[in-house]
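**Student:** Required output: the full structure, derived from the provided sequences and hints.
Residues per chain are reported as follows:
Protein chains: 2
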Amino acid sequence: GCGERMGVPTPKQFCLVLERPLISYALQALESVHWIEDVVVAVTRENTEAMEAIIQRYQHKRVSLVESGVTRHRSIFNGLRALAEDGPDTKLSKPEVVIIHDAVRPFVEEDVLLKVVIAAKEHGAAGAIRPLVSTVISPSADGCLDHSLERARYKASEMPQAFLFDVIYKAYQQCSDYDLDFGTECLQLALQYCQTKAKLVEGSPDLWKVTYKRDLYAAEAVIKERISQQICIVKDVKEDGEHVGLLEEMLKNEFKHADVTSKALGPAAGDLPRVTLERCCSFVCVNVMNSDFHETQKLLKLLEDSHLSIFYPLVVISVHFLAYNSVSFGEKMEDLRQIRELAKEVKKRNILLYGLLICYPQEELKLQQRVGQGAAIIAALIKERNPSLAGQLLVA
Amino acid sequence: GCGERMGVPTPKQFCLVLERPLISYALQALESVHWIEDVVVAVTRENTEAMEAIIQRYQHKRVSLVESGVTRHRSIFNGLRALAEDGPDTKLSKPEVVIIHDAVRPFVEEDVLLKVVIAAKEHGAAGAIRPLVSTVISPSADGCLDHSLERARYKASEMPQAFLFDVIYKAYQQCSDYDLDFGTECLQLALQYCQTKAKLVEGSPDLWKVTYKRDLYAAEAVIKERISQQICIVKDVKEDGEHVGLLEEMLKNEFKHADVTSKALGPAAGDLPRVTLERCCSFVCVNVMNSDFHETQKLLKLLEDSHLSIFYPLVVISVHFLAYNSVSFGEKMEDLRQIRELAKEVKKRNILLYGLLICYPQEELKLQQRVGQGAAIIAALIKERNPSLAGQLLVA
Ligand SMILES: [Mg+2]
Ligand SMILES: [Mg+2]
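Protein sequences, first through last, are from chains A and B. Taking the numbering used here, I'd label the letters of the first sequence as residues 1 to 396. Taking the numbering used here, I'd label the letters of the second sequence as residues 1 to 396.
Simulated from the structure, these hints should not be mistaken for laboratory data. There could be a bad hint or two in this list.
Just so you know, same-sequence chains aren't split out, so a pair can sit in one copy or run between any two.
The calculated DSBU-like cross-link candidates involving lysine-lysine, where the alpha carbons are at most 35 Å apart (straight line), are [to be verified]:
no.	residue 1	residue 2
1	LYS252	LYS12
2	LYS301	LYS91
3	LYS94	LYS301
4	LYS366	LYS256
5	LYS12	LYS344
6	LYS12	LYS224
7	LYS213	LYS263
8	LYS383	LYS366
**Tutor:** Right, here's the structure in full:
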């Protein structure tokens, strides 16, 4: 089993990305790994309430809080103590291996966690590394270059790191106050105080530490990209004309690297598969025959049961068609206007509902163009996930 | 005067950010500094044509191309040679100071360029530095930790760097093939071969090197933020009712850190100030009385003369109002539908035109809410600058 703790809480880890605090993404990543038994978060006294609210709101499991110290190392030491002391008042017990991670590295995956844990079991300590992006130099006291390091011979030490609990706990118990106040590297403590040479494991670029404002932008874009990897087209069993087929084809073209599937919905076809509700954040609901939102509402009802909307804003696009020889554009827009109220309602459950009207032209040739434009609009809505545009009725 | 060259061309510098190659942003930043005389770009033979097309399309000035070498240092050496050899066939002449910069650092500003140049004049060499984000470690041959460096004692060496031309040229002439093939640090060459200790200058975080895909996301977000810093509300001189005033107030609320100004347009008021056309990328055109686009077209005509649309997609939002007691929603939507064709036309000139209809409710109380919603939609459109949604008519 593995305990787990977070770095020093800074405002950064409470920054909202897609309206959710950054730390919640890291917790989600850790709790999705079934063999991690406990997660210990070091948090300042003034942030404890905020942290508890986050745990409750996003239903995080297996998380215990300890008070953070004034430095990173002191916070980690507090986390280790909580795991070491098996008092009757705590549900924590001493693990064989402990992982150390930062709250501001939201994209840690099971793969690299497993690698550092296995390496820690063999070597006593292990940590993720990355190639250096910039050359590292040593300044002299007068602010001039003293010497530069050969870039290829050094690495950036990243997170996660893993340790045999006894190794890292002993290191923290034995290290000096100077280490605790000015040190930055846990692997170094294990080396210095336990003669444990950490195994270095190549990590992915996604392990980077969210440090600057631009990193928050990057994190948001990465998350948006990830939750747009799976698109589910929902249609009534009765509808399967060329309209839906063409749109599906065009959507596959827009989302070349995503998984676009289509599901029939209805009494005969049953509900959406459980796996779709557990993984898919982007839905396109196609309505050919009617101007109402019955189909869309059926889908929205199903999504109520999806826990995914706790974590991410789900997108639902209700697609309608207008043939050149049917009612006028103005009338159709009036008919569909109720989407506004519907969108307002489901926004409370973190679902972003948009409408799309595809106007069929008289000429067959322009049909492809129109549907292609519709697919481009759908792609834009899914990729951007803009809450201010929810309830809008777009036209292709 | 300062010559200037770019690092080794990699695909990254040709990556599109807001549909413009990354390198064009760096060139734009450099040519906006009037005291930089020449910019020398090292480019591979196979990328020369692409580079020439970029220079022409974005009207870059003072740029010369040299063939890049197989390594970064060899490319820089080629750039320096072009500046050194004053043949009759070249418009380049030897500068006193040369700046070395990377094409993948688009946000370099005059401030830091000036600092490194002044420091180079005094010390012979100077370079921008940043604090290390991660601890740097040295691996042993078996992939384990050998030792870690004390983070506070080291810095990341970034760009730009500046040198007395004679210093850095001599360094490149004297250094070994090993240096040219495996070295990464120009400051180190100046130190080793000319005993010149470079002055280190603290740079801003925006100097970072666009390396990973997430950096492209971050760069795009930074650029979008920058070009949304100035919002110009355009209205007819005849219109200045409470409608416009309320919207203006709400927009200022949405763009707390941006400069929101309003200009009257018309025969009496004259055109937009030159400074607005030279700096503003975001326009809100307010139409209270009419359902047409005369006002908007007047603005679009003025923007034709703006060179800014060569560099950035301009956003124009044509705002209309619908009173509860006037024509129906459907009719109004029909009336405004021509925006579609207009948007298609101006998109060719890199202008993204959107429509916004604000429906006035019967109750005064809800008015604020509606206009506030309109302002939120305007903010979303300006911040996202999504080309797929151009021509859409949104409703608040
Ligand atoms: Mg315990
Ligand atoms: Mg010359």
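**Student:** Would you mind marking each hint as holding or not holding in the structure?
**Tutor:** Hint check results:
1. In this assembly of identical chains, the alpha carbons of LYS252 and LYS12 lie at most 35 Å apart only when taken from different copies (27 Å versus 37 Å within one copy).
2. For a Cα distance limit of 35 Å, the shortest separation of LYS301 from LYS91 qualifies neither inside one copy, at 38 Å, nor across copies, at 70 Å.
3. Proximity of LYS94 to LYS301 under the C-alpha cut-off of 35 Å is found in neither arrangement, the shortest distances being 44 Å within a copy and 72 Å between copies.
4. Proximity of LYS366 to LYS256 under the C-alpha cut-off of 35 Å is restricted to the intra-copy arrangement: shortest distance 23 Å within a copy versus 44 Å between copies.
5. In this assembly of identical chains, the alpha carbons of LYS12 and LYS344 lie at most 35 Å apart only when taken from the same copy (30 Å versus 42 Å across copies).
6. For the identical chains of this complex, LYS12 and LYS224 are neighbours both inside a copy (19 Å) and across copies (22 Å), given an alpha-carbon limit of 35 Å.
7. In this homomeric assembly, LYS213 and LYS263 come within 35 Å of each other (Cα to Cα) only across copies, at 33 Å, whereas the closest approach inside a single copy is 40 Å.
8. Taking CA atoms no more than 35 Å apart as the test, LYS383 paired with LYS366 passes in both settings, with 26 Å inside one copy and 31 Å between copies.
In summary, the numbered hints that this structure violates are 2, 3.
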